[in-house]
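K.L.:
One letter stands for each residue in the lines below.
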Amino acid sequence: MMKRSRYSTPKHRTLIWLALAGYAVFALFPLIWVVMMSFKSHIDIVSPVPKFIFTPSIENYRAILFGGQSVQYEAGQTDFLLYFRNSCIITISAVLLSLLAGVPAAYALARYRFRFKDDIAFTFLSFRFAPEVAVIIPIYILYQRLHLYNTYVGLIFVYQLITLPLIVWIVRGYFEDISVEIEQAAKLDGYSWWGVFTKIALPLVKPGLASTAVLAFIFAWNNFIFGLILGSSDTYPSTVGTLGFISYESVLWGQMAAATVITILPPLILAIFIQKYLVRGLTMGAIRG
Amino acid sequence: MSTIKLRDVHKHYGQVKAVRGISFECADREILAILGPSGAGKTSTLKMIAGLEPITRGEIFDNGNLINFLPPEKRNAAMVFESYALYPHFTVYENIAFPLRSKSAQLNREAIDTRVQEIAEMLQIKPLLDRRPAELSGGQKQRVSLGRALAKRAEVLLMDEPLSHLDAKLRHHMRRELKKYQRSLDTTIIYVTHDYLEALALAHKIVILNMGVIHQIGTPGEVYNHPADTFVASLIGQPRINLIPCRIQNGSAGELTCVSKDGSFHVPCPLAAAQLPPDLREVLVGIRPQYLRISPDPDDQGMAGEIYVSEYRGTDSIVEVKVGEHVLKSLTMEHDYRIAQAVRIQASKTDIMLFDTDTGKNLSGHMNHNSQVER
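Taken in sequence, the protein lines are chains A and B.
For the first sequence, this note's numbering begins at 1 and goes up steadily by one.
For the second sequence, this note's numbering begins at 1 and goes up steadily by one.
By construction, these hints were calculated from the structure, which means they are not laboratory data.
The beta-carbon is built from N, C-alpha and C at its ideal position, and this holds for glycine as well.
Hints may contain errors.
Unchecked claim - PhoX-like mimics (lysine-lysine), calculated; alpha carbons at most 25 Å apart, straight line:
id	chain 1	residue 1	chain 2	residue 2
1	B	Lys126	B	Lys74
2	B	Lys103	A	Lys199
3	B	Lys5	B	Lys74
4	A	Lys206	B	Lys103
5	B	Lys103	B	Lys74
6	B	Lys74	A	Lys199
7	B	Lys180	B	Lys169
8	B	Lys322	B	Lys349
9	B	Lys17	B	Lys5
Said to hold, decoys possible - Some but not every residue of chain B turned toward chain A, in silico, with C-beta under 10 Å:
id	residue
10	Pro72
11	Glu73
12	Ser83
13	Leu86
14	Tyr87
15	Pro88
16	Phe90
17	Thr91
18	Phe98
19	Pro99
20	Ala151
21	Ala154
22	Leu158
Claimed, not checked - Away from chain B, derived, C-beta distances all over 10 Å, residues of chain A:
id	residue
23	Thr9
24	Ile92
25	Asp189
26	Leu204
My request is simple: use the sequences and hints to build the entire structure.
P.N.:
Following this line, the structure appears as structure tokens:
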């Protein structure tokens, strides 16, 4: 039975509801506005009085997905589909690479005692709290020399700064939550290290692994600066590609909004699907049963 | 057929010395109990035998073969963990089948199924086979973990406090079951416990461990009746043995008597003067509570005392008697004592044990370290 909180009087509940509604409007308004914008005509968008009632049209989507007359301005042309594909390739590959390298690392950090263990773990974490702009210039110069500039491989590699620490740290917590005796039992049951890892440890962290991978995907997908500096018009992810709608002559607000909406969709859908596990994934390791 | 032998085995965790040079041997098809309080090094010893913990120093042999460096998956041992350590993502069936599905087991699907059903039948867990460990009660989990250990048909079964998380009734039931299985399974069992009753009831041989050192190895009868020292004497038996510091004096009739400092406690000395080490004056007198007899007649023989507190337990009572400054525990069938009632207490010479005050060693000297195991 739920304990009746003292905040459950009708008055309190109304106040709480109002506060939450207020925050929801504040947080969601830009999103709603950009969705509305994506369905407006150019005239409606630039109208001096913000328009809430308009005739919706899918012209902007048609233009960015299939091209067409709407892309009238030479300088404003942008290949959104290419950028969206770039985003998919770079982000998914980056997450897969991080899983491949990060899961064994997480296991080692969770289970074994070795020299500099804590220093190594901290170094991983430090990738997360160093601002990206602090490292971007040296990386840019290195990439130019190593011919990694404007390549998928280069971008996938630099995205490890985002995805790898996340996976190592969260998955380490999941491995630590598995009782050592369960793995010892499996060893005595006749399984080698690899057998124990694949048959016991991995299946037990699988739900956590999936949500952590999605989280890493979202962070990587949202990244802007790495693509902007280390990519070029062939390899831009869609976050950077969206800028292409700004030209000397005009800003294609409608198409930009449509591109933004499509870019938001993959992480949004994933986040909704794994919402339940995501919160658990983030608080895991902080709370010990 | 499996004989486990440990020779001068040490286990250090950094600065902590968990096990400090222990040696013992467990004969084929014997139940050996390792008994000791928490932190004695019992689980470390068991995990070294299993191969789960590296050995700091010393040797472990299985049938005369050194197995120090044999990985656990290659050892001929199965283990029941204190935490049960069931695989949470598997059903009961899969848990029991897991050791049978390993490469080394080399069994086909039908053979595995037959073996699992057989074990489920024996442990009466057939209706649980489709459940997951989270849906089981403590007693059921215990059975499943035992079943998983038995499935492998290992020659050595290692058990780490397998009954400690069960309630008293179930523990008693499982103790009997274990003894029954052991007879039908023909396995060597090394059983770790902190419960002396479990050790006495199950084991053929008991190794008493404290702070990583062996205090005594013997049959249940030996460790109970001839404890090597005060530690063993206090560990085994409930209520605990009475230990009273005394001096040995010449009594009025020329016989040796043990007398406490204030003179109120005095019992005949069980050993003749020739049997005692020379210059020995101070000893600890040990009397088990059931051998301390209380007489309500104040004119009877023995020491004068008064009832301090009495605890009725149904079949018997624990009566505490104050003799001078000492409080002695007695286990008796009588229970109609009043607090502060004047009584007489005495103990026969044959029920009295003498221990060295400094070392705690039993001075009676007729206990035997390497006696034959009774079956």
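K.L.:
Next, verify each hint and record whether it holds.
P.N.:
Status of each hint after checking the structure:
Straight-line distance between C-alpha atoms of B:Lys126 and B:Lys74 comes to about 30 Å, which puts the hinted pair past the 25 Å bound. Distance hint between B:Lys103 and A:Lys199 is fulfilled; the C-alpha atoms sit about 13 Å from each other, no more than 25 Å. Using a Cα cut-off of 25 Å, the hinted pair B:Lys5 and B:Lys74 holds, with the two alpha carbons roughly 18 Å apart. For a cut-off of 25 Å, the pair hint linking A:Lys206 to B:Lys103 stands: about 24 Å separates their Cα positions.
Restraint check for B:Lys103 and B:Lys74: satisfied, since their Cα atoms lie roughly 11 Å apart, inside the 25 Å limit. Distance restraint check for B:Lys74 and A:Lys199: the Cα-Cα separation of roughly 18 Å lies within the 25 Å cut-off, and the hinted pair is therefore satisfied. Between B:Lys180 and B:Lys169 the alpha-carbon distance is near 17 Å, which keeps this suggested pair within the 25 Å criterion. Simply put, B:Lys322 and B:Lys349 have alpha-carbon atoms about 21 Å apart, close enough for the 25 Å limit, and the pair holds.
Distance check on the hinted pair: B:Lys17 and B:Lys5 sit about 21 Å apart at the alpha-carbon level, within 25 Å; holds. Checking B:Pro72 against chain A by beta carbon gives a least distance of about 4 Å; that is within 10 Å, so the hint holds. Residue-level restraint check for B:Glu73 holds (minimum Cβ-Cβ distance to chain A is 5 Å; threshold 10 Å). Annotation: interface hint on B:Ser83 holds; nearest CB of chain A at approximately 5 Å, less than 10 Å.
Taken as an interface hint, B:Leu86 checks out: its beta carbon lies about 8 Å from the nearest beta carbon of chain A, inside 10 Å. The beta carbon of B:Tyr87 comes within 6 Å of a beta carbon in chain A, closer than 10 Å, and the hint placing it at the interface holds. Here the hint on B:Pro88 is kept, as its CB sits about 7 Å from the closest CB of chain A, short of 10 Å. A distance limit of 10 Å between C-beta atoms decides the matter here; for B:Phe90 the minimum to chain A is near 9 Å, and the interface restraint holds.
Interface restraint check: B:Thr91 against chain A, minimum CB-CB distance 13 Å, threshold 10 Å, status violated. Against a cut-off of 10 Å between C-beta atoms, the interface hint on B:Phe98 holds, since the closest Cβ of chain A lies about 5 Å away. With its C-beta approaching chain A no nearer than about 4 Å, B:Pro99 sits inside the 10 Å limit, and its interface hint holds. For B:Ala151, the interface hint holds, the least distance from its beta-carbon to any beta-carbon of chain A being 9 Å, beneath 10 Å.
Here the hint on B:Ala154 is kept, as its CB sits about 8 Å from the closest CB of chain A, short of 10 Å. For B:Leu158, the suggested interface contact is upheld, since its CB lies about 8 Å from the closest CB of chain A, less than 10 Å. Remark: the non-interface label on A:Thr9 is consistent with the geometry, its nearest Cβ contact in chain B lying 38 Å away (cut-off 10 Å). At the 10 Å boundary, the C-beta of A:Ile92 stays outside the reach of chain B, the nearest C-beta of that chain being 27 Å off.
Under the 10 Å C-beta cut-off, the non-interface status given to A:Asp189 relative to chain B is violated; the minimum distance is some 4 Å. Distance to chain B contradicts A:Leu204 as a non-interface residue, since its nearest Cβ pair spans about 6 Å, not more than 10 Å.
Violation of the numbered hints given earlier is confined to hints 1, 17, 25, 26; the remaining hints are satisfied by the structure.
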